[in-house]
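Q: Given next are the chains, with one letter for each unit.
There are 6 protein chains.
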Amino acid sequence: MIFPFTAIVNQEEMKLGLILNVIDPSIGGLLIMGEKGTAKSTTVRALADLLPEIEVVKGCRFNCDPSGPFCIECLEKKERVEVLETEKKKMEVVELPLGVTEDRVVGTIDIEYAISYGKRKFEPGLLAKANRNFLYIDEVNLLEDHIVDLLLDSAAMGINRVEREGISFFHPARFILIGSMNPEEGELRPQLLDRFGLCVEVKALTEKVLRKEILKRKIEFDTSPERFLEKWKPEQERLSEKIVQAKKLLPEVKVSEEIYEIIVTLTSQLSLDGHRGDIVLLKAAKAYSAFNQKGLVEKEDLTRVALFSLRHRLKRLPFEDPEAEVKKLYELLSIL
Amino acid sequence: MIFPFTAIVNQEEMKLGLILNVIDPSIGGLLIMGEKGTAKSTTVRALADLLPEIEVVKGCRFNCDPSGPFCIECLEKKERVEVLETEKKKMEVVELPLGVTEDRVVGTIDIEYAISYGKRKFEPGLLAKANRNFLYIDEVNLLEDHIVDLLLDSAAMGINRVEREGISFFHPARFILIGSMNPEEGELRPQLLDRFGLCVEVKALTEKVLRKEILKRKIEFDTSPERFLEKWKPEQERLSEKIVQAKKLLPEVKVSEEIYEIIVTLTSQLSLDGHRGDIVLLKAAKAYSAFNQKGLVEKEDLTRVALFSLRHRLKRLPFEDPEAEVKKLYELLSIL
Amino acid sequence: MIFPFTAIVNQEEMKLGLILNVIDPSIGGLLIMGEKGTAKSTTVRALADLLPEIEVVKGCRFNCDPSGPFCIECLEKKERVEVLETEKKKMEVVELPLGVTEDRVVGTIDIEYAISYGKRKFEPGLLAKANRNFLYIDEVNLLEDHIVDLLLDSAAMGINRVEREGISFFHPARFILIGSMNPEEGELRPQLLDRFGLCVEVKALTEKVLRKEILKRKIEFDTSPERFLEKWKPEQERLSEKIVQAKKLLPEVKVSEEIYEIIVTLTSQLSLDGHRGDIVLLKAAKAYSAFNQKGLVEKEDLTRVALFSLRHRLKRLPFEDPEAEVKKLYELLSIL
Amino acid sequence: MIFPFTAIVNQEEMKLGLILNVIDPSIGGLLIMGEKGTAKSTTVRALADLLPEIEVVKGCRFNCDPSGPFCIECLEKKERVEVLETEKKKMEVVELPLGVTEDRVVGTIDIEYAISYGKRKFEPGLLAKANRNFLYIDEVNLLEDHIVDLLLDSAAMGINRVEREGISFFHPARFILIGSMNPEEGELRPQLLDRFGLCVEVKALTEKVLRKEILKRKIEFDTSPERFLEKWKPEQERLSEKIVQAKKLLPEVKVSEEIYEIIVTLTSQLSLDGHRGDIVLLKAAKAYSAFNQKGLVEKEDLTRVALFSLRHRLKRLPFEDPEAEVKKLYELLSIL
Amino acid sequence: MIFPFTAIVNQEEMKLGLILNVIDPSIGGLLIMGEKGTAKSTTVRALADLLPEIEVVKGCRFNCDPSGPFCIECLEKKERVEVLETEKKKMEVVELPLGVTEDRVVGTIDIEYAISYGKRKFEPGLLAKANRNFLYIDEVNLLEDHIVDLLLDSAAMGINRVEREGISFFHPARFILIGSMNPEEGELRPQLLDRFGLCVEVKALTEKVLRKEILKRKIEFDTSPERFLEKWKPEQERLSEKIVQAKKLLPEVKVSEEIYEIIVTLTSQLSLDGHRGDIVLLKAAKAYSAFNQKGLVEKEDLTRVALFSLRHRLKRLPFEDPEAEVKKLYELLSIL
Amino acid sequence: MIFPFTAIVNQEEMKLGLILNVIDPSIGGLLIMGEKGTAKSTTVRALADLLPEIEVVKGCRFNCDPSGPFCIECLEKKERVEVLETEKKKMEVVELPLGVTEDRVVGTIDIEYAISYGKRKFEPGLLAKANRNFLYIDEVNLLEDHIVDLLLDSAAMGINRVEREGISFFHPARFILIGSMNPEEGELRPQLLDRFGLCVEVKALTEKVLRKEILKRKIEFDTSPERFLEKWKPEQERLSEKIVQAKKLLPEVKVSEEIYEIIVTLTSQLSLDGHRGDIVLLKAAKAYSAFNQKGLVEKEDLTRVALFSLRHRLKRLPFEDPEAEVKKLYELLSIL
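Protein chains in written order, with the working numbering: chain A, 264 to 599; chain B, 264 to 599; chain C, 264 to 599; chain D, 264 to 599; chain E, 264 to 599; chain F, 264 to 599.
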C-alpha cells in the first residue's frame with residue numbers, strides 16, 4: 264500500500280514540479296536534487312497512485328491511447344478491426360536500475376524469429392512499459408551518459424523506434440521523466456542538465472513541529488495503513504480532480520504580449536545557454552495558471568515557476584562566485 | 264555445530280542490534296563496523312541458530328509464510344487446493360559472496376523454457392533463499408554499488424519482482440539485512456549508510472579476564488562441542504523465549520506525545536539528512552521496550568538505542584572536526 | 264511535424280554552412296561547435312525536410328541514384344532488366360548514437376547464409392541508410408576515434424565496401440556529414456578536425472527582440488503546427504528552389520587567376536597543416552557564388568566563407584596566444 | 264622424484280610451521296613470507312611426500328575419509344551398500360595458479376545435464392582435489408581478493424557447498440592451506456593476513472658451510488636421485504613416525520590455568536585485532552608439545568611458537584615505528 | 264579515379280622512399296612522418312596505380328607469383344596439374360583499419376570445417392590480400408603494439424603461417440609496408456621504429472607558387488578527371504618504365520670496398536642501435552643507383568639516401584639536445 | 264634459408280650462453296638483455312639450424328624421445344606395440360607471440376569430444392611444439408606475468424599436465440627457454456629474473472672493422488644464400504660436432520672440494536636471494552668444461568661463466584649505487 268501524496272508533509276516545490284509535468288508533459292520532466300532520505304521516490308509513487316486510471320487499447324503492450332498515437336501493432340490491428348477495444352489501467356512508476364543496458368531500455372527485435380516465421384517479434388524494453396507513465400531514474404548522475412542521452416532523446420521525440428537489419432518496430436514513448444540525484448555524489452553534465460524541463464531542490468525539514476508530523480504520520484501509516492488511507496481519501500480525491508480539470512483547461516490559457524516581454528527581459532539578462540529556458544518557463548507558467556483554474560498567464564505565475572525552470576540552466580562563469588547567476592535570478596524575480 | 268549465541272562474551276551492542284531487528288524487522292537491518300577477528304559472522308549465525316523454527320508453506324522455494332504474503336507459485340496453488348500444507352524450518356544465514364552478479368541475487372527467468380512450454384520457469388536467486396532469513400554481507404563496503412543498491416531496494420520493498428520480456432515472477436523477500444565492514448578498508452557511500460536501519464561498532468576486548476574467558480570457551484567448545492552446547496542450553500532457551508514474547512508484545516507498545524517531542528527535539532539539533540533517523544529511533548526504542556517486556560516507550564529506551572540509530576546518519580560537516588556531530592549527540596543524550 | 268528551416272531565427276552561419284554542403288557535397292561536411300540548446304539538430308532536420316525529394320532506384324536499400332553510382336545489387340539488377348524503375352523519397356537525417364559499433368555503422372555480411380545458400384546476404388548499416396542523406400553525429404567529440412575515422416574515410420571515398428572471408432559487398436555512401444560538439448566537453452583531435460570541410464560556431468541569441476521571436480514562433484508551432492507550416496510554406500519553397508538552381512549552376516562557375524592568387528597568398532601566411540584548407544575555401548566560395556546565382560567567384564565570396572573554411576585548421580602555436588592565428592586571419596581578411 | 268624433507272638444510276621455522284599444521288589442521292594454515300629461491304614450494308612438496316598414505320573411500324573423487332565426513336556421493340553410496348571399500352593414497356600438493364577463476368576453485372554443476380537426465384553432475388574444482396591434502400598458493404599477495412577470501416572461507420568451514428539454480432552439491436574440503444609471498448612484491452590485506460593460522464619468514468642462508476651443504480646435496484641429488492633417497496630413508500621414516508605419534512597424542516595434551524593466564528597477559532599487552540591470535544597460539548603450543556611427546560603445554564612451548572602465531576597479527580600503529588609492536592613482542596617473550 | 268603520381272607537386276622525399284621500396288622490397292618498408300593533410304595515403308595509392316600489372320596464379324587467393332614462392336594451395340595444385348595458369352592483376356593498397364584484430368590480419372582456420380570434412384579451410388586475412396601489394400597503416404602510432412609487431416614479423420619473414428590445433432596453413436606475405444604517423448599524436452616505440460626500412464618526413468608546402476599549383480591541379484582533376492589523366496599519361500608511363508628497368512638492373516649493381524668503408528665510418532660515429540642501419544643504407548643506395556640506371560654505387564648515392572635510412576635509428580641520448588645526433592649526421596654527410 | 268651460426272660476427276657471450284644450455288638443459292634457459300637490432304632472434308634460429316637432427320617417436324605430436332619420458336599417447340602405444348618406430352626431426356625455434364593466451368600455451372582438452380566419444384582429445388599448445396626444442400620469447404618483459412610464470416613452471420617441471428573436469432593429459436615439456444628483452448622498455452620482476460638460468464647482455468658492435476664484416480656477410484648472404492652456406496659448412500660442422508661431444512662428456516666432469524669452496528665463498532659475499540645462483544654457476548662451469556673437452560671443473564671455468572650465472576640475481580640494495588653489487592662481483596672474480 265502506498266503512502267498518500269497529500270499526506271506528504273511540506274516539500275511543496277517537488278510536489279508542484281511533478282504536478283505541472285502531469286498537466287503538461289511537454290514541459291519535459293523533472294530533476295529532483297536533494298539529500299538522501301527525503302522521500303523522493305516515495306513522492307513520485309504517491310502521485311502516480313493518486314492520478315485517475317488511464318484508458319488504453321485493450322491488450323496493447325505499450326498502453327496505446329485509444330485516440331492515438333499508436334504502436335505498430337495497434338496500427339495493424341486498426342486495419343483489421345473497426346473499433347479498438349479499450350480498458351482502464353492504473354498509472355505506474357517504471358524505475359530504471361543502475362547499470363541497465365541499452366537493449367533493456369529500448370527493447371530488442373528477435374531476428375531469428377523474424378527470419379524463421381516472417382513476422383516481427385519485438386521484446387519490449389523499459390520504454391515500452393513507461394509509455395504514458397512515469398519513468399523514474401534514481402541517482403541519475405551515476406547512470407552512464409549514453410543511457411541518459413537515449414532516455415532524453417526518447418522523451419523529446421515521444422517515440423521509440425528500433426531497427427535491426429532491415430526490420431523495424433516503433434511504439435509511442437511518452438512518459439514523464441523524473442530524475443533524482445544527490446549533488447554531493449557527482450554532477451550531471453550541463454548538456455544533460457539542460458534537457459530536464461524543470462529542476463527542484465529538496466531538503467529535509469528541520470522545524471520540530473514538521474518533523475514530528477512526519478514521524479507521526481509514518482508511524483500511523485505503518486501501524487494501520489487501511490485506516491490512514493481512508494482518512495486521507497477526500498484530500499486525495501480533491502487534488503486528483505483539480506489536476507484533471509487543469510489538463511482540460513490548459514489549451515485555453517492565454518499569453519499576453521507583456522508576458523512574452525517579461526520572459527525575454529528576464530532571460531536575456533542571465534547567462535543561459537540556448538533558448539530552452541524561455542520555452543519551459545512559459546509552459547510551466549501556463550500549466551501553473553491552469554492548475555489554479557485561471558484562463559491567462561499572469562506575472563505571479565512566472566514568478567512562481569521561474570526558479571524551477573531556469574536555475575539549472577544558469578552557467579557557472581569562470582572566476583566568479585558559482586552562485587552569482589542564481590543570486591541575480593533572485594534579484595530579477597524580486598523586482599518583476 | 265554452532266557456538267551458542269549466549270556464550271559469546273560481551274559485545275552487547277552487536278547482540279542487541281541483531282535482536283532488535285529480529286523483534287521488528289521493519290527497523291531495516293544492521294551494519295556492523297569493526298575490526299577483523301571480532302566474530303561478526305559467527306554472532307549472526309549463532310543468533311539464527313538460537314531462534315525457533317519458522318513455519319513455511321510445504322515445498323515452497325521461497326519459505327512463504329502460510330498466512331502470506333505469498334509468492335506467485337503459492338498464490339496459484341491456493342486457487343487449486345483448499346488449505347496449504349505447512350512445514351517447519353530452521354532459520355538460515357544466507358551469505359552474499361563478493362563479486363556476486365545481479366542475476367545470482369535476484370534469480371532469472373528461463374525464457375527459452377517459457378516459450379517452449381508456455382510455462383514460467385524461475386531459477387531462484389539469493390533473495391529467494393533469504394526470505395524470512397538473515398542476509399549477511401561481509402565487507403559490504405567492497406561490494407559493487409549497484410548490488411548494494413538492489414539489496415537495499417529489495418529489503419525496503421519486501422518483494423522481489425523479476426521481469427524479462429513480458430514474463431514476470433515475484434516472491435516475498437523479507438529478510439534481515441546484516442552488513443559488516445572494516446572502516447579501515449574503505450567507506451560506504453552515505454547514501455547506502457543511511458539505508459541500514461541500525462549501525463554498531465565492535466572492537467576486540469582487551470581486558471584479560473574477558474580474553475581468557477573467550478579463549479577458554481572456544482577451546483572448550485572445540486574439544487567437545489556436544490557437552491558445551493548441553494551446558495548452555497538453558498541460557499539459550501531463556502533468550503529465545505524472551506525474543507518470541509517481545510515479538511508478540513511489540514504491536515501493543517505505546518508511544519506518548521512526550522516521546523515524540525523528545526525525538527524531534529533531539530534530531531532537529533543534529534545534522535541529519537532526511538527523516539529516516541527519527542523513524543528508526545522510535546521503532547528501535549519500541550522494540551527495546553518490548554524486549555524488556557514493557558508496554559510503553561520510556562526515555563531510557565530512547566537513550567539506549569539512539570546511538571545505534573543515529574550515529575551513522577550524522578553528517579561530516581566540511582571544515583569541522585569529523586567527530587563534532589557525534590560528540591554533540593553524546594551531549595544531547597546525556598542531558599535527555 | 265518539423266519546424267520550418269526558414270522560420271529558424273538568425274543563426275545565419277550554421278544555415279549557410281549546411282546549404283553550401285547541399286550545393287556541393289564534395290566540400291566535405293560541416294562541424295557545428297556550440298553550446299547546448301541552440302537547435303543544432305533541429306536545424307539539420309529542418310533543412311532535410313525543406314529539400315525536394317530525391318529520385319532513387321525503386322526498392323534499393325541504399326537509395327541508389329538511377330544515374331549511378333550503383334550498389335552491387337543494382338548493378339546486378341541492371342544486367343537482368345533493361346531499365347531500372349525509380350521512386351521518389353524524402354531526404355532523411357540519419358543520427359549516429361554514441362557508443363555505436365563498427366558493425367552497426369558499416370553493416371555486416373551474413374557468412375552462415377552465404378555458405379548455406381551460396382548467396383551474399385548483407386545486413387545494411389547506418390552508412391547504407393545515410394547514402395544521399397545527412398549523417399548527423401551529435402557530440403562528435405565523445406565518439407570513439409576509430410568510428411569517427413571510419414566515417415570520415417567513407418565520406419571521403421563515397422563508397423562503403425565490406426569484406427569478410429572472401430565475400431564482398433559495396434554500396435555508394437555519399438552523405439553530408441554533420442557533426443556537432445560542445446567544445447567545453449572535450450576537444451576533437453586536430454587530425455579529425457581538419458577532415459570536416461567547414462566549421463561554424465553557434466551561440467544562443469541574447470537580443471531580446473530575437474529571443475521573443477524564437478519563443479513566439481516555438482509556442483505558435485507547438486500550439487498548432489499545421490497552421491504554422493501553412494504560413495511559412497512560400498518562404499520554404501523559395502529557398503528550396505534557390506538551392507536547386509544553385510546546384511545546377513555550380514559546374515559553370517568560373518575561377519579567375521586572381522582568385523587563385525588571393526587564396527594562396529592568404530593561406531601561405533597562416534599556420535595551416537596541409538592543403539585541404541585551400542581546396543575547401545575555393546569550393547565553398549564557388550558554391551556561395553552559385554547560391555547567389557553568379558557565374559564567377561569574386562573576392563567577397565572568399566571573404567564570406569574564409570572563416571568557415573580555415574578557422575578550424577589553424578594551428579595553436581606553442582608559447583603563443585591560442586587565438587593569435589585566428590586574429591591574423593581576421594586581419595588578412597579585412598585587407599583582402 | 265622429490266628431494267627428501269629431512270635433507271633440506273636449515274629453515275627450521277618453515278619446517279616446524281608445516282609440521283604443526285599437519286599435527287593439528289585446525290591451526291588454520293601457514294603463510295610463508297620470504298625472498299625468492301628459498302625452496303618454499305619444494306619444502307611443501309617434500310613434506311607431503313614424507314607423510315604416510317591416507318586411507319580414502321575407494322573411487323571417491325573427494326578423498327573422503329572412510330570414517331567421515333562424507334561428500335554427498337559417499338553419503339548416497341553408504342545408503343546402498345553396507346560397508347564402503349577403501350584404498351590408500353599418497354598426499355598431494357594442489358597448487359593454485361595465478362588468475363584462477365572461482366569456478367575452477369569450487370567446481371561447477373552441469374545444469375544442462377541435471378535437467379536432461381534428472382541427475383546431479385558435479386565437475387570437481389581444485390578444492391575437491393585439495394581435500395585432506397595441501398593447498399599451496401604461490402605469491403598469494405598477487406591473487407585476486409575474492410579468491411583468497413573464498414579459500415579462507417572454505418578452509419574455515421571445512422566444507423565446499425556449491426548451489427546453482429536449486430541443485431546443490433557438497434563435499435568436505437579440509438586442507439592445509441599454505442600461502443607464500445615475497446613482501447617486496449606487494450602486501451596482503453590485514454583482513455586476509457589474520458586468517459592464516461601461522462606465519463613464518465624465510466631467508467637464504469649466508470653461512471658458507473651451509474651454502475656448500477645445500478649445493479652439494481642438490482648436485483648429489485641431481486646426479487643420482489635414487490642413491491640420495493636411499494641414503495636419507497631412515498631419517499625420513501623417523502620424522503614420519505614422530506608426526507604420526509604426535510597426531511595421536513594431541514587430544515591428550517593438557518593446558519593449565521597458568522598457561523591461559525600467560526597467553527592473555529601476553530596478548531592483552533599487544534595491539535592485536537580480535538581474538539584469533541590467542542586461540543592459534545594455544546593450539547600451536549599444544550601441537551608443539553605433542554610433537555615433543557609431552558602430555559602438557561609448558562611455558563617454553565608458548566615461547567617457541569609465539570612468534571609464528573602472533574607476529575602477522577600485530578597492528579602497525581600510525582605515527583609509530585612499524586616494527587615497534589614486534590619489538591614489544593620480543594621483549595614480552597624474553598621475560599616470560 | 265586516382266590522382267596521377269607524377270602530378271603530385273613536390274614531396275620528393277616521400278615519393279623517392281616509396282619508389283626505392285618498389286625497386287628493392289627487402290629494404291623493409293617506409294614510415295612517413297608528417298602533419299595531416301599532406302596526401303600521404305593519396306600518394307601511396309597513386310604509386311600503386313602507376314605500376315604495371317603483376318602476373319599471378321589464376322584464381323589464387325594470395326596472388327602467388329607463378330614462379331613462386333607458393334601458398335599451400337598452389338603447391339597442391341602444382342602436383343595435380345602440369346602448368347599453373349596465370350592472370351594479370353592491378354596492384355592494390357590494402358589499408359589496415361585502427362582497432363583491427365589479430366585474426367583479421369592473419370586469417371583464421373575453420374576448425375569445425377576441417378574436422379567435419381577432413382579438409383583445411385582457411386579464411387584469408389589482410390596479409391593474404393597484401394601479398395605482392397602495398398600494406399598501408401595510417402596512424403601506425405595509434406595501433407596496438409602486438410599488431411604492429413605481427414606485421415613487422417610477417418614483413419620480415421615474407422610468409423604468413425597460421426596454426427591452430429594441429430592444422431596449419433601458409434602463404435607468402437611479401438608486401439611493401441607503409442606506415443604513416445603524425446608525431447604530434449604519440450610516438451612509436453624505438454623497437455618498432457627501427458624495423459621500418461626507411462623513414463621520411465613530409466610537410467605542407469608554403470611557397471605560394473607551389474600551393475597554387477596544387478590547388479589548380481586538384482580543381483582541374485575534380486572538374487574533369489578523364490581529361491586530367493589523359494594529359495599526365497606520358498609522364499606516368501615514363502616513370503613506370505624507369506622503375507621496371509631499375510628492378511631489372513638492381514642485381515647487377517656493384518659495391519666497392521670504399522663504399523663499405525664509408526658506410527661503417529659513418530655509422531660507427533653515430534649512436535645507432537644494432538646493424539640494421541648499415542644494411543638498409545647500402546640497399547637503398549643500390550636501389551637509388553639502379554633507379555638512375557647506373558651499374559655501381561657511388562658516394563652521392565649514399566648521401567642521397569643516408570637521411571632516410573638512418574635518422575629514425577639515432578638514439579636520443581639522455582641529458583643531450585634531442586637533435587644532437589641528427590645534426591651530427593648532417594655534418595658527417597656534408598664532409599663525406 | 265638461415266644465416267649460419269658460425270658466421271655471426273662476435274657476440275661471444277650470447278653464443279656461449281646458448282651453447283651451454285644446449286649442453287646441459289637443466290641450467291634453465293637464457294635471458295638475453297640488449298638493444299634492438301642485435302640479431303638476438305636470428306642467433307637462436309641459427310643455433311637450432313646448426314644442431315643435428317633429434318630422434319623422435321614416429322608420428323608423436325610431442326616429439327617424444329624414443330628412450331622416454333613419454334607423453335600419455337606414447338605410453339599407451341607402448342602397451343600395444345612392442346617397439347616404437349622412430350624418425351628424425353630438425354630442431355625448431357617455437358616463438359611465443361605477445362598477447363598469447365594460457366590455452367594457446369598449454370593446449371586444451373576438448374570436453375565435448377571426450378564426453379561424446381569417451382576418448383580424450385587434446386589440442387596441443389605451444390608447449391607441445393616446444394618439447395625438445397627452443398622456446399623463444401621476444402620482449403619477455405612485455406608478456407603478462409602469469410604466462411611467464413606458467414612457462415617457467417613448465418620449464419622447471421619438464422612436464423605439461425592439463426586437467427579439465429576429471430580428464431587429464433600430460434606430455435613432456437623439456438625445452439630451452441630463451442627470453443629476450445630491451446631493459447629500456449620495462450623491467451622483469453626479480454622473481455622471474457631469478458628463474459632464468461643464465462643472463463647475458465648484448466650490444467651492437469662499434470668497431471669499424473667488425474661492422475664492415477657484418478655488413479659484407481649479410482649482403483653476401485642476401486645476394487646468394489646457397490654459395491654463402493656452402494662456404495661456411497665446414498665451420499658449422501666443426502661446432503656441431505663439438506657440442507655433440509660435450510653433451511656426451513658432461514656426466515663425467517668432476518668437481519673438486521676446492522671448487523665447491525670457491526663457489527660459496529664467492530656467493531656468500533654477495534647480496535643474492537636464495538641458492539639458485541650457486542647451483543647454476545656450478546652447472547654452467549661443468550658444461551663449459553665439457554665444451555672444452557676437459558674432465559674436471561677448474562677455477563677459470565668458474566670465472567668464465569660467473570657473470571652469466573650471477574649478475575641478474577644480485578640485489579639492488581636501497582640507498583646504494585645500483586651497480587655496487589656488480590662491481591663487487593667483478594672484484595671478487597678478479598682475485599679468484
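Any given hint could be a false lead.
Treat identical chains as interchangeable: a pair holds within one or across any two.
No farther apart than 27 angstroms at their CA atoms in a straight line, the calculated lysine-lysine pairs in the DSS-like style are these [stated by the list, open to error]:
| # | residue 1 | residue 2 |
| --- | --- | --- |
| 1 | K479 | K578 |
| 2 | K494 | K392 |
| 3 | K475 | K578 |
| 4 | K517 | K340 |
| 5 | K511 | K351 |
| 6 | K479 | K517 |
| 7 | K341 | K475 |
| 8 | K505 | K562 |
| 9 | K505 | K340 |
| 10 | K321 | K278 |
| 11 | K517 | K494 |
| 12 | K591 | K466 |
| 13 | K352 | K475 |
In short, the hints are calculated from the structure, not lab data.
Keep in mind it's a predicted model, so treat the numbers as computed, not measured.
Q: For every hint, state whether the structure bears it out.
A: Here's how the hints hold up against the structure:
1. Within a single copy, K479 and K578 get their C-alpha atoms only as close as 42 angstroms, which misses the 27 angstroms cut-off; across copies the closest is 24 angstroms, which meets it.
2. Taking identical chains as interchangeable, the C-alpha atoms of K494 and K392 are never at most 27 angstroms apart, the minima being 32 angstroms within one chain and 38 angstroms between chains.
3. Proximity of K475 to K578 under the C-alpha cut-off of 27 angstroms is restricted to the inter-copy arrangement: shortest distance 21 angstroms between copies versus 39 angstroms within a copy.
4. Taking CA atoms no more than 27 angstroms apart as the test, K517 paired with K340 passes in neither setting, with 39 angstroms inside one copy and 59 angstroms between copies.
5. Taking the shortest alpha-carbon separations for K511 and K351, only the intra-copy value of 19 angstroms comes in at or below 27 angstroms, while the best inter-copy value is 42 angstroms.
6. Taking the closest pair of Cα atoms, K479 and K517 come within 27 angstroms of each other only across two copies (13 angstroms); inside a single copy the shortest separation is 43 angstroms, beyond that limit.
7. For a Cα distance limit of 27 angstroms, the shortest separation of K341 from K475 qualifies neither inside one copy, at 55 angstroms, nor across copies, at 42 angstroms.
8. For a Cα distance limit of 27 angstroms, the shortest separation of K505 from K562 inside one copy, 22 angstroms, qualifies, whereas the shortest one across copies, 44 angstroms, does not.
9. When the C-alpha separation of K505 and K340 is checked against a cutoff of 27 angstroms, the pair qualifies neither within a copy, at 35 angstroms, nor between copies, at 44 angstroms.
10. Proximity of K321 and K278 under a CA criterion of 27 angstroms is satisfied in neither setting, with 31 angstroms inside one chain copy and 46 angstroms between copies.
11. In this homomeric assembly, K517 and K494 come within 27 angstroms of each other (Cα to Cα) only across copies, at 21 angstroms, whereas the closest approach inside a single copy is 38 angstroms.
12. In this assembly of identical chains, K591 and K466 lie within 27 angstroms of each other by CA distance both inside one copy and across copies; the values are 22 angstroms within and 21 angstroms between.
13. With identical chains, the CA atoms of K352 and K475 are never at most 27 angstroms apart, being 36 angstroms at best within one copy and 41 angstroms at best between copies.
Hint violations for this structure: numbers 2, 4, 7, 9, 10, 13, all remaining hints satisfied.
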